[in-house]
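A.B. asks: Those protein sequence lines, which keep their order, are chains W, F, R and L.
Residue numbers for the first sequence follow this note's numbering, beginning at 1 and rising by one.
Residue numbers for the second sequence follow this note's numbering, beginning at 1 and rising by one.
Residue numbers for the third sequence follow this note's numbering, beginning at 1 and rising by one.
Residue numbers for the fourth sequence follow this note's numbering, beginning at 1 and rising by one.
Since the hints were made in silico from the structure, they are not lab data.
Some hints could be false.
[Said to hold, decoys possible] Cut-off 25 Å, straight-line C-alpha distance, at most; resulting in silico cross-link-like pairs (SDA-like, lysine to any residue):
id, chain 1, residue 1, chain 2, residue 2
1, L, K459, L, E385
2, L, K380, L, I265
3, L, K459, L, L431
4, L, K380, L, M319
5, L, K380, L, V512
6, L, K499, L, V155
7, F, K281, R, G68
8, L, K380, L, D420
9, F, K281, W, T59
10, L, K499, R, L293
11, L, K459, L, M319
12, L, K380, R, G429
13, L, K499, L, R519
14, F, K281, F, R89
15, L, K499, R, G68
16, L, K459, L, M231
17, F, K281, F, E270
18, L, K499, L, A207
19, L, K499, R, G429
20, L, K499, L, G486
21, L, K499, R, G436
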Amino acid sequence: MSAVLPYSIAAAALVALGLFGLVVQAAVLRKILAFNLLGGGVFLLFGVVARRGAGAGATADPVPQAIVITGLVVAFAATALAVVLALRMHQITGAATIAEAAEDGFPDK
Amino acid sequence: MGGLVDWLLAALVLGAAAWTLAAPTGFAAVVGFVGFGLLVTLAWVRLGAVDVALTEAAIGAGATGVILLMAVVRLRGGAEEVSAATPGRAVMVAAGLLAGGVGLALALAVLALPDPAPGLAAAAMARRGELGLGNPVAAVLMGYRGLDTLLESVVLVFAVLAVWSMAPDRRWGGIPGPRFPRQEAGPLALLARLLLPIGLVIGIHVAWVGAEAPGGKFQGGTILAAMWVLAWVAGLVQPPAIASQAVRLALVAGPLAFLLAGFAGMALGEGFLAWPPGLAKPMILLVEAAMTLSVAAALALLVAGPPERAA
Amino acid sequence: MSGTTPGGWLLVLALALPVGGMLLAFALGGRTAERIALGVLGLGTVLAGMIAAEVYAAGAPLAYRLGGWAPPLGLRLQADGLAAAMLLTAALVLLAVALFGRAAQATPPGVQEARAPFTFWTFLLALAASLAAAFLGGDLFNLFVALEMLTFAALSLACLDGRPSQFRSELRYLFFALIGSVLYLLGTALLYGAHGTLDIALLAERAGADLPTLLAAALMTAGLLAKMALFPLHLWLPPAHAGAPPAASALLSGLVVKAAFVLLLRLWIWVLPPVPAGAGAPLLAGLGAAAILVGSLIALRQERLKLLVAYSTVAQIGYLFLMLPLVLAGDPEAAARAWLGGILQAASHAFAKAAMFLSAGLVAGALGHDRVAELGGAGRAMPMAVIAFGLAGLSLMGIPPSGGFTAKWLLLTAALGTGQWWWAAVILGGGLLTGGYVYRVLAGSLTAPPAAAPRPEPPAQGPERVALALALVSVALGLVPLASFGLVQIGRPILGGAP
Amino acid sequence: MTGAQALLVAAIAAPVLLLAACLWDGARRRMPGLLWLAPLPGLAAALLAADTTPLVLDAARLRFTLALDAPSALLLGAAALLWSAAGAYASRYMGRGPGAERFALWWLITLSGSLGVFVAGDLASFYLAFAAVSLAAFGLIVQDGTPRARRAGEVTLLLAVMGEICLLLAFALLAEAVQGPSLAIADAVAALPGSPARGLAVGLLVAGFGLKAGLVPLHVWLPLAHPAAPMPASAVLSGAIVKAGIIGLLRFLPADGALSDWGGILAGIGLLTAFWGVGCGIVQANPKTVLAYSTVSQMGVTVAALGMGMAMAAPGTGMAVAFYATHHVLAKGALFLAVGLAAGSGGWRRWLVLLPALILALGFGGLPGTGGALAKAAVKPQLGEGLVGLLAGLSAAGSTLLMLHFMRRLIALEAGGTADRPARGLLLPWLGLAAAALLLPWALYGAAGLGDPWEALGKDPVAALWPVLLGAALAAGLARQDRWLGAVPEGDLLLLTGKARRLGAACGAVAVRAEALLRAWPIAGLALMALLLALFGVMLAAAA
C-alpha cells in the first residue's frame with residue numbers, strides 16, 4: 001500500500017501545477033498543455049484509488065481503470081477540439097492568446 | 001526497494017510536468033509533455049493498471065503528442081501578445097497560493113481516504129465470467145458500465161463533427177488537414193513502409209486480446225490511427241473527403257452496433273445493454289470490432305482536423 | 001430503488017432515441033438530418049410527456065437497471081420528478097427551436113449538404129441526447145460523460161455562425177468548461193475512493209461529512225458553477241450566448257446551463273449530508289444574489305440586444321441558487337415550496353429565455369442590427385416577435401400571471417417562512433432591475449422608426465409564432481394550479497432521510 | 001354557481017373576452033366602438049351581487065376566490081359607470097385606426113384589473129388584478145407618444161413596479177401569517193394583527209396602496225400621468241384607477257380598532273396629502289394638472305377618514321369611506337371629460353360644459369345640495385370632531401379654492417367659435433356622467449346605510465357652509481395672482497430625485513467596470529479556485 005503514497009502526492013501536485021498553468025499561462029498552446037497536466041493529475045488520482053482497491057486477484061480495482069480509459073479518450077477529444085479552435089483563431093486573427101481584446105465585439109449582421 | 005523506484009518516478013513525472021509549464025519554447029514544452037506521458041505510462045504499470053498504461057501510451061502521450069506537435073508547427077509568433085497577456089506578479093502569487101491550496105487539500109483528502117479501501121474489485125472479478133471475458137477492465141467497459149462506453153464512443157462522433165464544423169463554409173465536404181508531399185525516400189517513408197504492416201497487425205491484436213488480457217478497442221484503435229497518420233504524413237495516403245459516406249459510416253459503426261446490441265439485450269436478455277447469455281462473447285467481439293474501426297477513424301480524423309481543401 | 005420499475009423502458013428510449021437519431025443523421029447527412037431531427041424531437045416530446053405522466057401516476061421515480069447489473073457495479077437510469085420535469089421542459093424547447101430552425105437553418109437549395117445546417121441539426125439531436133443523459137443518469141461518472149457530451153454539443157452550436165471573432169470567445173468557453181469538467185471528475189475520484197461507488201442513491205446512504213467527501217463536493221460544485229457561469233465565473237457566457245445564431249442561443253441559455261444545475265442539485269440535495277450542505281448553501285446563494293444584481297445592472301447598460309439578453313441569463317441563473325439555503329433550512333413546508341419554486345424558475349426561464357433569444361434574433365435579422373437604442377419601428381414591423389419578447393420579459397420580472405411570478409412567489413414565501421428575509425429583498429430588487437432592461441427594449445421597439453431608416457423586412461410568420469408560443473408557455477406555467485406541480489416533489493429526499 | 005356569482009365572473013370575463021376577441025382583425029377594428037360595453041357586467045354585478053356568497057374555485061391549494069362586499073360593490077358600480085361613459089367618450093375622441101386599436105387593447109387590460117380589484121377575494125387574484133391596472137395604465141398614459149407622455153409613463157411604471165414589489169412582499173408576509181394554505185383575503189386580514197411582522201406588513205401595504213392612491217410623498221407620478229393621457233384615459237385614471245389603492249387599504253386594513261396606531265398615522269398622512277394637493281394645485285396652469293392635484297388632495301381626505309375610522313374603531317367606516325370615494329369617481333371622471341369638451345365648443349353650448357362643471361367642482365368643497373356635500377356628510381363621524389374636524393374643514397375650503405382655480409383655468413382655455421358644437425358622442429357621456437355625479441349620491445346615501453340624506457344635510461348647515469365661503473373668498477382674493485403659475489412643476493418632489501439618478505448611474509458605471517475586471521481570464525481563474533477553497537473551508541468548519 002505504501003507504493004501509492006508517492007503517486008498520491010504527485011497527483012495532487014499535478015492538479016496544482018495544471019490549475020496554476022491554466023490560470024497564468026497566456027499562450028493558448030500552453031493552456032492546452034496545462035489542461036492535460038491537470039487531467040493527468042486527476043487520472044493519476046484514479047490510479048491511486050484503483051491501486052488502493054486492489055484485491056480478489058486484481059492488481060488494481062478495474063472500475064476506476066475503466067473510468068480512466070473512458071476519461072482519457074474524452075480528454076483527447078477535448079484537446080483536439082481546443083487545438084483546432086486555436087489554429088483557426090491563429091489563422092484568421094493571428095492571435096495566440098485568449099486575452100480579452102477590443103475586437104471581441106458583436107459586429108452587425 | 002519498490003518504494004524508492006516509486007518516489008523517483010513520481011519526482012520525474014512532476015519534473016516533466018514542471019518543464020512542460022516552464023519550457024522556453026512551445027516545441028520544447030510539447031516534447032516535455034510527451035515525456036511526461038511516457039513517465040505516467042510507467043506509473044500506471046507500477047500502479048498495476050496495465051490497460052490504462054496502454055491507453056495512456058497510445059492516447060495520452062501518443063495521439064495527444066502528435067496533434068500538439070502538429071499544432072506547435074502552425075502556431076508561430078505572437079510572443080509580444082503572449083507577454084502582454086501574461087498576468088503580473090500579484091496574480092501569479094495569488095494563483096500559486098490558491099493552486100497550492102487546492103493541491104494541499106487534495107493531498108490531505110487522499111491521505112484521509114478510508115483503509116481498507118472500499119471498491120468493486122471483488123465484485124468485478126467475480127462476475128466477469130457471466131460475460132465470458134477474462135479481463136475485468138473489459139468486463140467493466142463492455143458489461144457493467146456499458147452505457148459509459150457507449151456514450152463515450154458517441155462523444156468521439158460529437159468531437160469529430162465539432163472539429164469539422166470549425167471549417168470555413170466553402171470548405172465543407174472537402175479533405176481535412178494539410179497535404180503532405182509524397183516521400184519516396186528518406187527515413188519517414190522507410191519508417192512508414194516498415195511500420196505500417198507491423199502496426200496494423202499489432203493494433204488488431206491489441207484490440208483482439210482485450211477481452212482476455214490487457215488491451216482493447218481504444219488502444220488498438222489508437223495504434224491503427226497512428227499508423228494511418230504516419231502514412232498520411234509520409235504522403236502515402238490522403239485523408240478522405242468528409243462528405244464521403246464511407247467515412248461517416250465508419251465513424252458511427254461502433255456506437256451504432258453497440259446501440260443495436262443494447263436493444264438485442266432488451267429483446268433476448270435481461271434488458272438494455274445486457275448481453276444475452278451464451279451469445280455474450282461473440283456479440284461483444286463483434287461490437288468491439290466495430291468500435292475499434294470507429295475509434296481508429298475518429299482519432300485519425302481528429303488528428304487531421306477540419307477540411308482545408310476541396311475534394 | 002435500484003431495480004427496474006414498470007415503465008422503466010421509457011427511460012431507455014428517451015436516451016437511445018436521440019443518440020441513435022444523432023448517429024443516423026450524421027451518417028446520412030444533408031437534408032435527411034433535418035428530417036430525422038424533426039421526427040426524433042417530436043417523438044422525444046411524446047416520450048417525455050409519457051415519462052412525466054408515468055412518474056406522476058406512480059407517485060414514485062421510474063428506474064431502469066442497465067444490462068441487468070445492479071449498482072454499485074452496474075449503472076441505472078432514473079427519472080424522479082425533477083428529471084421528468086426538466087426532461088419535458090427540454091423536449092418542448094428543443095422541439096420549438098427545431099421548428100424555428102426550419103426556416104433559419106434550412107440547407108440552401110442546390111446544395112447537398114452545407115456546414116451550418118448540417119451541424120445545427122446534428123447537434124440539435126446531440127444536445128437532446130446529452131440532456132437526456134444528464135437528467136436521467138444515476139451515476140456521477142455517467143453524468144460526467146453526459147456533461148462532456150453537452151460541452152461539445154453546446155460549443156459547436158455556439159460556433160455555428162463561423163464568424164472570425166468568435167473563435168476567441170469559444171476558446172474561453174471551452175477552457176472554462178474543461179476546467180469545470182476536470183474539477184468535477186476529480187471530485188468523483190475522491191468519492192469513489194472514499195465510498196466505493198458513484199451511484200447517487202448509494203452515495204446518499206454512505207456519504208458522511210468526512211474530509212474526502214467535503215473536498216469532493218467543493219471540487220464538483222466549483223466545476224459545475226464554472227459550467228453554469230454563476231457570477232463571478234460568468235466570463236464566457238455573454239459572448240458565447242450572444243454570438244451564436246438565435247436558435248442556438250435559445251438552447252444554450254435556456255437549457256444547457258440547467259443541466260449542470262440538475263447535477264448540482266443531485267450533489268447538494270442527495271449526496272451531501274445536510275449539515276455541511278446547510279453551511280455551504282448561503283455562500284452559493286450569496287453568489288446567486290450577486291449574479292442577480294450585477295447581471296441585471298450590466299444588462300441594463302448593454303447597447304446590444306443579444307448581449308442584454310445574455311446578461312439577463314447571467315442574472316436569472318442566480319435565482320436558481322436562492323433555493324438551496326431555503327430547501328436546506330430544515331422547515332419541510334418551506335423546503336417543498338422552495339424546491340418547487342426553484343424548479344419552476346428553471347423551467348419558466350427556459351421557455352422565456354428561449355422566446356427572448358428567438359424574438360431578439362428575428363428583430364435583429366429584420367433590422368439588420370441589434371442596437372438597443374435603434375430598435376424603433378420593430379414593434380410595427382413584427383408585432384408578434386415584440387409581444388413574445390414582452391411576455392417573456394414579464395415572466396422574467398415575475399409579473400403575474402406568469403410562471404416566473406409563481407416561482408418567485410414560492411421562493412419569496414419560503415424565504416420569509418424560514419426567516420431569511422434578505423433573499424426576499426434580492427428577489428424583489430432583481431425583479432425591478434429586470435423590469436428596467438425589459439422596458440428599455442420594449443419602449444425602444446414601440447417608438448416610431450427613424451424617418452431615414454429602410455423599412456425592415458417582416459420575418460416569416462412561422463418563426464415568429466414559435467417565439468410567441470414559447471413565451472406563452474412561460475406565462476401559462478403561472479396559471480397551472482400549484483397542486484399539479486406535485487410531480488416535482490416525487491423522489492426528493494426529505495432532509496436527513498434517504499430518498 | 002348562483003346567478004350572482006356568475007355576474008362576478010362576468011364582471012372580469014367581459015373585458016378579458018373582448019381582449020381575446022382582438023386576436024381577430026375584424027373584432028380589433030371594431031373594438032374602440034365597443035369599449036362602453038365592457039364594464040356593463042361589472043355594473044350589473046354591483047347592483048345585483050353585493051354581499052353574495054364568495055365563489056371559491058379550486059379550494060384545494062391555490063384558491064381562486066371572487067367576493068363582493070358592500071363597500072366594494074359601491075365602488076365597483078361607480079367605477080363601471082365611469083368606465084362605460086369614458087369608453088363611449090373614447091370611441092368618439094380617439095377616432096379609428098391603429099392608434100385607437102392599440103388604445104383599446106390597453107384600455108381593456110386596465111379595465112379588467114380596475115374592476116378585478118373590487119371582486120377578487122384571494123391574495124393571488126387581487127395581486128394579478130392590481131398588477132394589471134397598475135402596469136397597463138402605462139399604455140394609456142403614453143398613447144400620444146410625446147416625450148412628455150413618455151416621461152410620465154416611465155415615472156408611473158417605475159413607481160408602479162415599486163408599488164408591486166411592496167405589495168408582493170406584504171402579501172407574502174400575510175400568506176405566512178395565515179395558518180394553513182388559505183390565500184383568502186379575509187383570512188389574511190384576520191391574521192394580520194397577530195402576525196409577528198405586523199408592522200412591516202402594514203407599512204408595505206400602506207406604501208403599495210398609498211402609491212396608487214397618490215399619498216404624499218408617493219404621489220409624484222399622479223400629476224404627471226393624469227394630464228399626459230388622452231382625455232378619457234385621464235378620466236378613468238383619476239376617477240377609477242386610483243381607487244385601486246383606496247379599495248386595497250379598505251379591504252386589507254382591519255377597521256375594527258386592531259390597528260388603531262396605524263389609523264393615526266394614516267390620518268396624518270391623509271391630511272398632509274389633502275393640503276399638499278391644494279398647495280401644489282393652485283399654482284398649476286394646465287386645468288388637467290389642477291384636477292390631478294385635486295385628486296391627490298381628495299384621496300388624502302379619503303385616507304384621513306379611513307385612518308380616523310381605524311383609530312376610533314368607528315362602525316360603518318368602510319361604507320362611509322367608500323361612499324366618499326364613489327362620489328369622487330363620478331365627479332372627477334366627469335370633470336376630466338369636461339376639459340376635453342370645453343375647448344371644442346363655443347357660444348351658448350359652452351355653458352353646457354361650464355355650468356355643470358362649476359356645480360361639480362364646488363361639490364368637492366361641500367357646496368350644500370351637491371353629491372359632494374353628501375360625501376362630506378358621510379365621513380363626518382370620522383372627520384367631524386375637534387382638531388381633525390377643523391383641519392378637514394380647512395381642507396374643504398382649500399378644495400373650493402382649488403376647484404375655482406380649476407374653473408378659471410378651464411375658462412381660460414381657448415373657446416371655440418360660436419358655431420362650434422361639441423360632438424354628440426362626447427357631449428352625451430359627459431352630461432350623463434355629470435348628472436350621475438350630482439344625483440346618484442342622493443340615491444345611494446340611504447342605500448349605503450348612512451341614513452337620510454336630507455337629514456344629514458340639514459343637521460349643521462354652518463359647519464357645511466363655512467369652508468365653501470372661505471374658499472370662495474380666498475379665490476376671489478387670489479384671482480389676479482397669476483404670477484405664481486408654474487411655480488411648482490408637475491410632480492413637485494420629483495425634482496429631488498435628480499441626485500438619486502446620478503448616484504444610480506454612478507453605481508451602474510462602477511458595476512460595469514468591476515464586471516469587466518472579473519471577466520479577465522486570470523481573475524476568473526483565481527475566483528474559481530478561491531470559491532472552491534472557500535466552499536471547502538465553510539463546509540469543513542460546519543462539519544467539524
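A.B. asks: If a hint holds in the structure, say so; if it does not, say that too.
C.D. replies: Hints, verified against the model:
Of the pairs offered as hints, the one joining K459 of chain L and E385 of chain L holds, with about 14 Å between alpha carbons and a cut-off of 25 Å not exceeded. Only pairs whose Cα atoms come within 25 Å are accepted, and K380 of chain L paired with I265 of chain L is accepted, the gap being roughly 19 Å. Pair hint K459 of chain L plus L431 of chain L does not hold up; C-alpha atoms about 30 Å apart against a cutoff of 25 Å. A threshold of 25 Å between alpha carbons decides the hint, and for K380 of chain L with M319 of chain L the separation of about 12 Å falls inside it, so the pair holds.
A threshold of 25 Å between alpha carbons decides the hint, and for K380 of chain L with V512 of chain L the separation of about 57 Å lies outside it, so the pair is violated. Of the pairs offered as hints, the one joining K499 of chain L and V155 of chain L holds, with about 16 Å between alpha carbons and a cut-off of 25 Å not exceeded. A C-alpha spacing of about 17 Å is found between K281 of chain F and G68 of chain R, which places the hinted pair at or below 25 Å, so the restraint holds. Taking the CA atoms of K380 of chain L and D420 of chain L, the gap is near 44 Å; set against the 25 Å cutoff, the hint is violated.
Restraint check for K281 of chain F and T59 of chain W: the C-alpha separation of about 24 Å stays at or below 25 Å, so the hint holds. Of the pairs offered as hints, the one joining K499 of chain L and L293 of chain R holds, with about 21 Å between alpha carbons and a cut-off of 25 Å not exceeded. At most 25 Å may separate the alpha-carbon atoms for a hinted pair to count; K459 of chain L and M319 of chain L meet this at roughly 20 Å. Pair hint K380 of chain L plus G429 of chain R does not hold up; C-alpha atoms about 42 Å apart against a cutoff of 25 Å.
Taking the CA atoms of K499 of chain L and R519 of chain L, the gap is near 30 Å; set against the 25 Å cutoff, the hint is violated. Distance hint between K281 of chain F and R89 of chain F is unfulfilled; the C-alpha atoms sit about 59 Å from each other, more than 25 Å. A distance of roughly 70 Å separates the Cα atoms of K499 of chain L and G68 of chain R; the hinted pair therefore is violated under the 25 Å criterion. Distance hint between K459 of chain L and M231 of chain L is unfulfilled; the C-alpha atoms sit about 38 Å from each other, more than 25 Å.
For the given pair, K281 of chain F sits about 16 Å from E270 of chain F by alpha-carbon distance, which is consistent with the 25 Å threshold. Between the alpha carbons of K499 of chain L and A207 of chain L the distance comes to roughly 22 Å, so the proposed pair stays at or under 25 Å and holds. With a C-alpha separation of about 20 Å, the suggested pair K499 of chain L and G429 of chain R falls inside the 25 Å cut-off, and the hint holds. Proposed proximity of K499 of chain L and G486 of chain L is supported: the alpha carbons are some 22 Å apart, at most 25 Å.
About 19 Å separates the Cα atoms of K499 of chain L and G436 of chain R, which keeps this hinted pair within 25 Å; it holds.
Against the hints set out earlier in the document, violations occur for numbers 3, 5, 8, 12, 13, 14, 15 and 16.
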